[in-house]
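K.L.:
Next come the chains, spelled out residue by residue.
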Amino acid sequence: MSMTRSSVEEMEHDRCAATVVLPPVAPSSVSRPGDTGQGHGRRRWATPSALVAIAALALYLRVWQLDALGFNSDEAVYAGQAASLAGNPNYTPFFPVFRAHPMLFQTLLSPFFRTGEVDVAGRVVVAVLGVATVLAVHLLGARLYGRRVGLVAALLVAVMPYHVIVTRQVLLDGPMVLFATLTLYCLVRFVQGQQVLWYVAAGGMLGLTMLTKETSIVLAGGVYAFLALTPTVRRPVRLSLLAVAAMAAVFATHPVSQAMAGRTQTGKSYLVWQLFRRPNHSMGFYLETVPPAMGLLVVAAAAGGLWWLRRHRSWRETLLLSWIAAPVLFFQLWPVKGFQYLLPAVAPVAVLAARALTGMPVPERLRRLLRRVDRVGVGPSRAVRTVRTAVLVVVALSLLVPSWHAVNRADNATFLAGSGGVPGGREAGRWLARNTPQGSVVLTLGPSMANIIQYYGHRRSYGLSVSPNPLRRNPSYEPLPNPDWWLRHNDLHYVVWDSFSAGRSAFFSERLMVLIRRYHGRVVHTEFVNGTDSTGARVPVPVIIIYEVRP
Amino acid sequence: MTDLHSARRRHVGRLLGRALLIAGLLVLANPPATAHAAGAGAAPSPTTPIDHFVFLMQENHTFDNYFGTRPGVDGIPPGTCMPVSRGRAEPCVKPFHLGELGSLDLDHTAEAFRVQYNNGRMDGFVEGVSTQGKDGKLAMAYYDDRDLPYYWNIADEYVLFDRFFSSSNSGSIRNHMFRVTGGPGAAGPSESIPAAGWGDIPTIFDRLEAAGISWKFYVENYDPTITFRSRTSAEDVDRGAQVIWVPLLGYARYVDDPRLFSKIVDLDQYYDDAAKGQLPAVSFIAPAGDSEHPPGSIRAGQNLVRTLVTQLMRSPDWDSSAFLWSYDDWGGWYDHVPPPQVDAYGYGFRVPALLVSPYARRGHVDSTTLDFTSVLKFIEVNWRLKPLAERDRKAKTFLDAFDFDRPPRPAVLLGTERTPPVVTRPDPVPVFASYAVTGSLVATLVGVAALRRRRWS
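Line order of the protein sequences matches chains A and B.
According to this note's numbering, the first sequence is numbered sequentially starting from 1.
According to this note's numbering, the second sequence is numbered sequentially starting from 1.
In short, the hints are calculated from the structure, not lab data.
Predicted, not measured: the structure shown is a model, and the values here were computed from it.
Take these hints with a grain of salt, some might be off.
[What the hints assert, rightly or not] Far from chain B, by Cβ distances over 10 Å, these chain A residues were calculated:
1) Ser49
2) Val118
3) Thr253
4) Arg310
5) Val336
6) Val362
[To be verified] From the structure, some residues in chain A lie toward chain B, with a derived Cβ separation under 7 Å:
7) Met103
8) Trp198
9) His489
[Said to hold, decoys possible] Now the stretches of chain B that chain A is said to cover, found in silico as 3 or more residues with beta-carbon under 8 Å:
10) 54-62
11) 108-115
12) 330-343
In this text, a Cβ means the ideal position worked out from N, Cα and C, and glycines have one as well.
The following block holds chain B by itself, in its conformation from the complex (with noise of 0.2 Å):
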């Protein structure tokens, strides 16, 4: 019995070990499948109904020169008129509707912060663009619903931030980093990528690739042949944005593990991504030509909008989705909210803000203040991640815009018309009352006819 007992454990003992062995072949001849099986094991559920969320970035316009003749949000204060030159209340500029007019790439640099906003003060916004040579009058043009009408037909229906600020008073390098990081990248005066690019700053796609939730970063027109190896110093060349808007692609260890590298994508591919229902977790977009940078058409850029919106809407992942996007900075556009000095490198002046989500609330002014590290506050508050930096800590999220009370509200994609054409219904009665009294009145002469037999003579 003993013998016949341990045979079979002897038995039972190798099959065991051959089983372990074939287990263990297989997962050295398919590690990535088993890394992301066990990755996908790993990831932390969201804290809140939100699976998917997308953020785009888009440049270079204030809160007030889009939306500051909207009623019910904190806009361009009745009486407006911003001095030619500062503490003098005459000669001033109203602001004026745009419109066809064209407008310019006003000057955006933290040295045009500090002369618009003086301290405080916010009189040098005409100032500010007219000592770089430009027509300072522009600065205080606005757009209206006439220009934007699919962006105001979605904060008619979802939700419009009127205290969102940029986060750095300066132009797009270190908002871009902000967005991404939660602090200005490189410090102190400079405002450039470093040539050896941003080296070991933290990004919020390390913590989520360390907490095993997917994420991509969908770029509009990319090349991947451009990153901070190949941009040359001068910024404007064609498509040298790519870097300043894709921070990632101004890190070393994102352009050569090619395995970060590959979640850079073509902007193609959300389109794909989405409708197949496989969003990742946290999307990242940059536009390029259609970024609404002045003096870029912002009809161009609204539709791109649309068209991401209208995706998402379309998509399977619809129901558990938040898309938010928002402005990189002022672009020199005049705007009345002083912003908050959190720190040296801002906030900047506001810029829109607007939230797409089934659980945002229906025509919502969220005046909570934010800025684009609260979008990484949202991220890391949904993931459980750690912050980043003293920046996102701190910064307040906008999980009052949603309303996860409610069941997720089904899409509906909205036009370009501000006025939806009317529907009007002719009055019912009149066709009724007369068709009926017609076939009556038919139906009694045949019945007249049938019971009189009386000929004409």
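Chain A on its own, in the form it takes in the complex (with noise of 0.2 Å):
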């Protein structure tokens, strides 16, 4: 096999392979005719220069600004498991070490969170994951499709915004992704390779994405779809089932490290609250929200390769396509979404994308217009690049753009779970934190107001809409049965009203403002954002209001 082989010639000789065997994509170490040794030493460095540029870019673009915004709900309950873990006095009251998830990222994170209130730290970590990321999407493009693919791909999902944002958050689908990611590329090295190891280190690394967030079993269904689709890949069933007893051995860590550690409820609740609970979002919620976030020119790019490419289909898109699929289908009916679930769907539309640019066929019109325009001469195959270079820079651009607006947008009156910090909830709970005498607790409109008051408040939240259903609520949430009786009682000595809770549920945010006027509420801090009044003219807008309430 040809090492100079170009990705569609490489395509189109697995696709009439009886059995797939191919070996990486390396870059090519033959010279060309007329090559100099300086122009050698440059295309030698040439990759990995881009490479360097394209991390650095993304870490910039994950890092800018980290701390504009204090954490959000998921992120605050994360933190704080992990500075459970390390034994932080400040939040081993507010945050139990176990939850509903495993622990592989919290306990990842956990040695940056042992002493006082750490945010950012634990940001820079999920954003260096995200990077590193970024350079698994580029071995697992190089590797399906040849280095030109794998540094393209690399640089959408570096400025993707749906990427940027959700790496920039204490989330677990960052951390997540990066294995999902890891775990594709072991799958690709074992279908083109044939070696049990792969097959193996497959199964190994998808339990290790389990571990850092259990829903990513449904990325199984995919290698399922994959394997199942693709009868030309060998897959004997000792091999198969020893991949599986490799996933569930890395999975058990999380039992068995709970039971070690002495742990006696488990998730069985949560489970059951998640299969039953009613759902968050509308049926077109992804639809309306993950195509933008990831670019509509990217989704379109993908999607057109998929047709402009059809003649060199082979198992690549396949599995990529049943990698997309399986979170995609399994969270569309899935009743509770989230805007940041379908994450492991970034790296193969990515890739495909990628494909889609470097693959993309340029019509003879345009061709014939650029040589027309170029006095000295443009020739067929550089005309071809000019074309397919300037159209991934429009798509670069087309992402780069929104994410610089994403991570500069630290004032924004309008929250979605998962889409970044709360504007005003972390300055809201410091502010509890200072002025308000140790043992206060609080009165939230929503859990995830608690969340944030806890975490850089330390002061013991309860939130308003929790519902004392055990059926109806998350099991590690703690409901207030008659919080009426709590304020009468002198139990609750403060109350926060939000926009962002009060925008999801207007029947609490009127029962919360019942309780402050019953209770002699007064208006002890204001957090507010800059927005706009019907003139245009910009304004400030409070989002978080702080009650002191009394019987």
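Since each chain comes alone in its own frame, lean on the hints to assemble the complex.
P.N.:
As structure tokens, then:
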């Protein structure tokens, strides 16, 4: 097999081969005729240099103004778990070590959370893992379609708003996608080399992915679908069982570590609640939020590429589409929807889009036009490269601009869970920590703000909207069965209203205001963001209001 | 030159005259503000870091009734058994936990005191109640931290006094008068508010007023129409106790002077003043239905005290405040310490008293012999005021309960749980170890796979 074969040629080869066996696509080491030593050296360093530049860009986007907003609810919970695991006394009373998810990521974070209030360090860890994902996407793309596709795919992920936004937060999804991408990579290595160890490694890596977030087990469905749809890949049952055993053994770390640490409760009730809870978003939620976050041009390119490169279709596209379809189908049907849940699809979408952009057909008319414009004369291949580069630049910019806008948007009166920090939440919590006596108890509108207050304010907080019915609430949340009684008996001292929770539940917002009025609520602090009034003038919009209450 | 010089002097003189005239007119136009400014300027600074002192008087319990079973205090002696009849050891009633059994308003008149005290033999507590036709055994009941968790928590964190006596060996009226005047009010056996009021008996508020020191009397559910003039002779009419518990409403000069009368305000004002950092130097508080007066709910009283203390702790004034509350008389309940008889009126039996302040010693039990006039003494010492009467002149104060050498303690809101929930942190070692081992194994697996190229056959 030639090492200088193009990616399209490789695909054609795969398609025709009875058994898929492909060595890695390595950078060409064969000197071209007419190469000078200097030119050869430049090409040798071109890919690493480009990769470093992409990684630097990815890191820049992920750490720029990382501290502009405080944690959102989920971040507060994971960081609180990490801090409790580390024995940080500020958090152990408020955040139990074990909640619903496995603890791989929190364990990784915990050394950074040993003392004091930490938030940026946690986010930096995620940002670094996000950059590692960019590099992993390069490996994946290069392994599947060659180094150019790898670089373009890495660039797309580096600047993709969806990945940028999620990997700026202390969420499980960012690290999970790194391991998911590595799982995909191991699987590709297995398919290409038919080595047992890569098959087992893929199982082990999927186990690690599940140890980050157990919902990633749906990716196993993607693997199954791929293997079922690709009979050309050999997969003896005993080896498949071995890979599954590796996955199970790795994931067993979660229950085993819990049992060894002396945890008495399990996550069973959490699963039951997730299974039967009411939908939190409409069926069109992912369609409305995820494609714009991935980049409409990227999605269009990925889909278009499947069409215009259909003659080169191979097991690779089956694998990538299976990997995309598994979480998309599952979470579309699953009642609970979260903005970041489809993040595992980022890597295959980016690779497919990169494949499409690097193999995009250029109409002959456009080539002729380019040749006429350039009087010196543009060769056919150069014209194609020019068009493809221009399109790539447009696509990359179409991602970079919204990403840049997203990382600079610290002032926002609306909030979508998982899409970033909560404006004013950290400041409100810190205000409570500074200005209220230790032992103060806070009533918030919902559990999300309660988590934030507990993280930054170190004050016990309860969400009014948490149902006392165990079948209707997240088992991790503690309900307040009778807040009126608590207020009357001076067991609640502050009430926090926030516009984000109020936007989700007008009923509980009104109920909270009734309690505030009944118990002599007095505004003691307000957090504002910049908004606009009906005339378009910029006005401060209150997003969080803290009331002092008494019987 | 001389003419020019004289002209300038005349001009300056005219300007000075006009300025003085304008200043005089301004003073005339706004006398209260000017007076307030003058008063504020003249107010002496306190001798301690306590700029705000709050004194709440609850009702009708003894020290042993509330804290008799508390370790580390002068509580109910072991083996106590109170004779049903004085002078006869048997039958007797042992102290018992009242809990939710319910209480009665036990007799707590001067006559009841005489029987219960029995010339210092302290063996008439059951008889003193039963002679009034009530179940005398009830006098031996006590509460503990199951019923009063907040008070016991306060005692853990701040100061509990175990030799704090009610000032008078009779009921509410004299004790409340001792609270504000250092004396019993009306002399002789009569224990009622005179029809013409308390006359010119000086009060601590007169002293404060004269010294330009701010003060307020906060009254729960305050009804300004109830004064010594409107109150009927039957003292137990609805809310008639307001005039007893707020002795200033028994003074014509306080009722008739709008400025003084305006300083007697509803308790709601306390919350506002505290929240805004506008508490006066001296605040007296009188309860209403939350007074803990049997058979009223002690939990309701505890909730009132907790709310008041919580508000003070949330106040900008916290760092320079002290909050003391006590109980106006023993209410007929048993207490084992014979009260010193310093004059014809008292002391009465011990009553609970607690002090909350950022300077209060933590978990301190103060055994200084004190009474309500000790509070007057503290105010007089702190703001350099003259004593009101012989009692407060001789009284000891509770300065030792403070530790002014240390910076003020940050406020901590205490709950009603005696045993706070224990936070159990799981052993982190297995978690770290198992995840580290697993991660290493997967990394090794991938590494080996990358290095080995053998395919299966």
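K.L.:
All hints, please: hold or fail.
P.N.:
Okay, the hints, checked on the actual structure:
no.: 1; hint: Ser49; result: holds, 24 Å
no.: 2; hint: Val118; result: holds, 17 Å
no.: 3; hint: Thr253; result: violated, 4 Å
no.: 4; hint: Arg310; result: holds, 31 Å
no.: 5; hint: Val336; result: holds, 26 Å
no.: 6; hint: Val362; result: holds, 38 Å
no.: 7; hint: Met103; result: holds, 6 Å
no.: 8; hint: Trp198; result: holds, 5 Å
no.: 9; hint: His489; result: holds, 6 Å
no.: 10; hint: 54-62; result: violated (count 0)
no.: 11; hint: 108-115; result: violated (count 0)
no.: 12; hint: 330-343; result: violated (count 0)
When the structure is compared with the earlier hints, violations turn up for hints 3, 10, 11, 12 and for no others.
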